[in-house]
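J.: Sequence:
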Amino acid sequence: MADNAKKQVPLRLSPKLYDAIAAWAEDDFRSINGQIEYLLTECVKQRKKDGKYVGADIDRAIEIDIG
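In my numbering, the protein residues as written are 39 to 105.
Hints in this document: simulated from the structure, not taken from any laboratory. Warning: the hint list may mix true and false statements.
Straight-line C-alpha distance at most 30 angstroms; calculated DSBU-like pairs for lysine-lysine [claimed, not checked]:
(1) Lys87 - Lys44
(2) Lys83 - Lys54
(3) Lys45 - Lys83
(4) Lys54 - Lys44
(5) Lys45 - Lys87
(6) Lys86 - Lys44
(7) Lys54 - Lys86
(8) Lys44 - Lys83
(9) Lys86 - Lys45
Derived CB-CB ranges, DEER-like [stated by the list, open to error]:
(10) Arg98 - Asn42: 33 to 41 angstroms
(11) Gly72 - Arg50: 15 to 23 angstroms
(12) Asp103 - Leu77: 17 to 25 angstroms
No experiment lies behind these values; they were computed from the predicted model shown. Heads up, the beta-carbon is just placed ideally off N, CA and C, and yes, glycines get one too.
My request is simple: use the sequences and hints to build the entire structure.
T.: Here it is in structure tokens:
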């Protein structure tokens with residue numbers, strides 16, 4: 039596979055998180071995959087800019103209020 043080829047990654051999301059990302063993607067005129075890639079890219083850019091790593095509670099379940 040070429041070095042510049044996109045990698046496929048299996049991803050499991052809760053139904054609430056999926057619905058929130060899907061709605062956001064629609065608002066931004068992106069596919070769900072495109073929205074996830076955009077969000078991850080922005081997070082990596084921010085991390086490089088700040089030089090900060092994610093917090094210790096990164097694996098803590100979150101409540102999503104999309105109502």
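J.: Which of the listed hints are not met by the structure?
T.: No numbers; nothing is violated.
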